[in-house]
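Asker: Work the whole structure out from these sequences, hints included.
Number of protein chains: 2
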Amino acid sequence: MVDIHDLTRKLRRASDSKIVLLVSDGLGGLPLEPGGKTELEIASTPNFDALARRGVLGLSTPVLPGIAPGSGPGHLGLFGYDPLKYDIGRGVLEALGIDFDLGPDDVAVRANFCTVDADGRITDRRAGRIASEIGSKLCEKLDTIEISGVDVFVRHVKEYRAVIVFRAAGLGGNINDTDPQRTGVAPLDPVARDEASRATAKVCGEFIRQAAEVLKDDAPANLLTMRGIAKRPDIPTYEEVYGLRAAAIAVYPMYRGLARLVGMDVLDAGATLDDQMACLESVWDRYDFFFVHYKYTDSTGEDGNFDEKVARTEDLDAAVPRITALHPDVLVVTGDHSTPAKLKSHSWHPVPVLLSAETCRFDGCDSFGESQCLTGGLGQFEAKYLMMLALAHAGRLEKYGA
Amino acid sequence: MVDIHDLTRKLRRASDSKIVLLVSDGLGGLPLEPGGKTELEIASTPNFDALARRGVLGLSTPVLPGIAPGSGPGHLGLFGYDPLKYDIGRGVLEALGIDFDLGPDDVAVRANFCTVDADGRITDRRAGRIASEIGSKLCEKLDTIEISGVDVFVRHVKEYRAVIVFRAAGLGGNINDTDPQRTGVAPLDPVARDEASRATAKVCGEFIRQAAEVLKDDAPANLLTMRGIAKRPDIPTYEEVYGLRAAAIAVYPMYRGLARLVGMDVLDAGATLDDQMACLESVWDRYDFFFVHYKYTDSTGEDGNFDEKVARTEDLDAAVPRITALHPDVLVVTGDHSTPAKLKSHSWHPVPVLLSAETCRFDGCDSFGESQCLTGGLGQFEAKYLMMLALAHAGRLEKYGA
Numbered sequence: 001m002v003d004i005h006d007l008t009r010k011l012r013r014a015s016d017s018k019i020v021l022l023v024s025d026g027l028g029g030l031p032l033e034p035g036g037k038t039e040l041e042i043a044s045t046p047n048f049d050a051l052a053r054r055g056v057l058g059l060s061t062p063v064l065p066g067i068a069p070g071s072g073p074g075h076l077g078l079f080g081y082d083p084l085k086y087d088i089g090r091g092v093l094e095a096l097g098i099d100f101d102l103g104p105d106d107v108a109v110r111a112n113f114c115t116v117d118a119d120g121r122i123t124d125r126r127a128g129r130i131a132s133e134i135g136s137k138l139c140e141k142l143d144t145i146e147i148s149g150v151d152v153f154v155r156h157v158k159e160y161r162a163v164i165v166f167r168a169a170g171l172g173g174n175i176n177d178t179d180p181q182r183t184g185v186a187p188l189d190p191v192a193r194d195e196a197s198r199a200t201a202k203v204c205g206e207f208i209r210q211a212a213e214v215l216k217d218d219a220p221a222n223l224l225t226m227r228g229i230a231k232r233p234d235i236p237t238y239e240e241v242y243g244l245r246a247a248a249i250a251v252y253p254m255y256r257g258l259a260r261l262v263g264m265d266v267l268d269a270g271a272t273l274d275d276q277m278a279c280l281e282s283v284w285d286r287y288d289f290f291f292v293h294y295k296y297t298d299s300t301g302e303d304g305n306f307d308e309k310v311a312r313t314e315d316l317d318a319a320v321p322r323i324t325a326l327h328p329d330v331l332v333v334t335g336d337h338s339t340p341a342k343l344k345s346h347s348w349h350p351v352p353v354l355l356s357a358e359t360c361r362f363d364g365c366d367s368f369g370e371s372q373c374l375t376g377g378l379g380q381f382e383a384k385y386l387m388m389l390a391l392a393h394a395g396r397l398e399k400y401g402a
Numbered sequence: 001m002v003d004i005h006d007l008t009r010k011l012r013r014a015s016d017s018k019i020v021l022l023v024s025d026g027l028g029g030l031p032l033e034p035g036g037k038t039e040l041e042i043a044s045t046p047n048f049d050a051l052a053r054r055g056v057l058g059l060s061t062p063v064l065p066g067i068a069p070g071s072g073p074g075h076l077g078l079f080g081y082d083p084l085k086y087d088i089g090r091g092v093l094e095a096l097g098i099d100f101d102l103g104p105d106d107v108a109v110r111a112n113f114c115t116v117d118a119d120g121r122i123t124d125r126r127a128g129r130i131a132s133e134i135g136s137k138l139c140e141k142l143d144t145i146e147i148s149g150v151d152v153f154v155r156h157v158k159e160y161r162a163v164i165v166f167r168a169a170g171l172g173g174n175i176n177d178t179d180p181q182r183t184g185v186a187p188l189d190p191v192a193r194d195e196a197s198r199a200t201a202k203v204c205g206e207f208i209r210q211a212a213e214v215l216k217d218d219a220p221a222n223l224l225t226m227r228g229i230a231k232r233p234d235i236p237t238y239e240e241v242y243g244l245r246a247a248a249i250a251v252y253p254m255y256r257g258l259a260r261l262v263g264m265d266v267l268d269a270g271a272t273l274d275d276q277m278a279c280l281e282s283v284w285d286r287y288d289f290f291f292v293h294y295k296y297t298d299s300t301g302e303d304g305n306f307d308e309k310v311a312r313t314e315d316l317d318a319a320v321p322r323i324t325a326l327h328p329d330v331l332v333v334t335g336d337h338s339t340p341a342k343l344k345s346h347s348w349h350p351v352p353v354l355l356s357a358e359t360c361r362f363d364g365c366d367s368f369g370e371s372q373c374l375t376g377g378l379g380q381f382e383a384k385y386l387m388m389l390a391l392a393h394a395g396r397l398e399k400y401g402a
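Respectively, the protein sequence lines represent chains X and S. If you count the first sequence from 1, position 53 lands on 53 in the working numbering, and the numbers rise without skipping. If you count the second sequence from 1, position 101 lands on 101 in the working numbering, and the numbers rise without skipping.
Every clue listed holds true.
Each pair may be met inside one copy or between any two copies, as identical chains are not told apart.
Straight-line Cα separation of at most 25 Å, BS3-like style, residue types lysine-lysine; simulated pairs: (1) 10 - 344; (2) 10 - 85; (3) 158 - 399.
Treat the hints as calculated values from the structure; they're not laboratory data. Since the model is a prediction, treat every value here as computed from it, not as a measurement.
Answerer: Below, the structure written as structure tokens:
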């Protein structure tokens, strides 16, 4: 199997063209009743529809048919990285999600406070879902733990959740979870699954030993379990593989972290879509590629709120004229996965894609929605190829072979 | 990743069926305006349309989404060879393009005459685009260069372009270009990029040393640069992988060379489509497979001449009755890539495919054009699978597994 980026490195061509990737998180949906329309189809989206008439539509498969991706693989695919090749551990994603700037030597751990009884058996895997204020204070205490030769960082996430980062050269990141996934038993020992991770397992064990001491009077949060112990994947940057100076305009930390992982400059826009558009306008001349992330089509889908997802889709559509006024050479509107309100969760359904450029072959589609996308000129394709299409339409790829 | 030919070798079955692959180079196009029609859609093609009604349509991706292929990878894909697996260097393609019969020990080089000043710095990378008569004479002089243990061939291509072939056992073909791609600097030294190519780099260096002597009074063509130094790929033949006796009826040398690379018999037809049809008729009984190549849908596209591409498409359509009169079991009409007149170049857009056989499942298409192909029964697929479809429809593949 060819590596996409071996190709793009070889074929990439300098250009002053500009690409906007507008990601409406969880964009794909489902009708509530057979024969009905999806959230995107019911939404009034005159601006998307105008783009659809000039561009091409299609449906992307984030990973493989039937696979519902998390935010990590979903975005990696959109960014042009094979989500089956680059594995982002849960610990890494959690660290990215709190804007922790993970280095190549860092091992990240998702930690859960838990309750253990006098015999060391877990009685509550979430420590009674302690309040965030309590979790935050406990993390400050744990952050003082010292382990010889290792920098230790403990950062609070929310309620009973935390991130631990161990920083030292030569630490592997392949260790089992210590969370036994049930109560009535003791946490598992951290065990290395490869030679390179033996030292890390010892560090984890030492941390747990000290944490038990630090937390001994803090019941119900008198211990913690570790999950998703991992290092960040060794992933090439946008600059290197595409020759793109890329900017991320995303509000939520996880998406900012994912963008940082591929070498995008993560900009400080405000929290609203208006703020994001203002940011886009202000940096337009300084970058070639703009990743704009919009969260609310996913969160409303997760809530199962069909009407609210429709409304939030319409909000996003209303922002489009500020993008098109900048005359990007390529504007892509899509999602990282589907989040149908009917399912209240990420799903495996193919994701609507709209690509607008001067070089599109007319496909007869006149509105942006799943049914139209099914007849669109892009067909159904793996999300990881979307970046190559965007680069091609932006005139940023030489031809392959003579 | 399965190798297609491991499958076809195992499954191929003897038959007296006949397959015609009619390649209209650069066939795919683009409308000039959003909502408009492509060259193929505007062309009046009653014969293609009749085939479309009886056959199936589809769109092929020559290499990968977004990748515009050169003629080499474009044709390899149509011939059923993974264009990412078999890499054809520029020197090889250039040698094929002048009907030079490259052997497995040959290293081919694309050479450009250039002008150097007294200090050895390039002042013109194309030697003032010298006339072909001059380039031809200089090549005759260079062809007398002798290098110990190596057969040296220098052949003129056109104007300032030539091909050099070094023939000797054990020469690797992985050497950098000596063309620095700019003026004001000396040509680069030939440097081996692997151990097996060290001897070749020395041969190249010795050739350049002697060439400088031979050409010293021939300014503006007083030196040459080397590009695309390569050996032909080790590629299995049509006979071996498909069991097909294959004939190529192509006018232009490059396509003749590509056909020779996969073991087709390259026939001497005349230069017109009528000549090609007469050739097809005359050898009909002697082969199983016929590759007929038509250049002008590409060259008119490269010229940006939309109307002329339409006219040349209609010319090709008019030749179809002479093919169908021979009653091929399978007739495929397609291109090796798209060459939209709007872009004046090869492009990445999917390529129209028409496959006509008695075994087609009706797909409701009634004319041959990109929009209809988008709804066709073949869907969108990688070009390398086209040959398997042709073999299947020709009754030339056993079933796979019991």
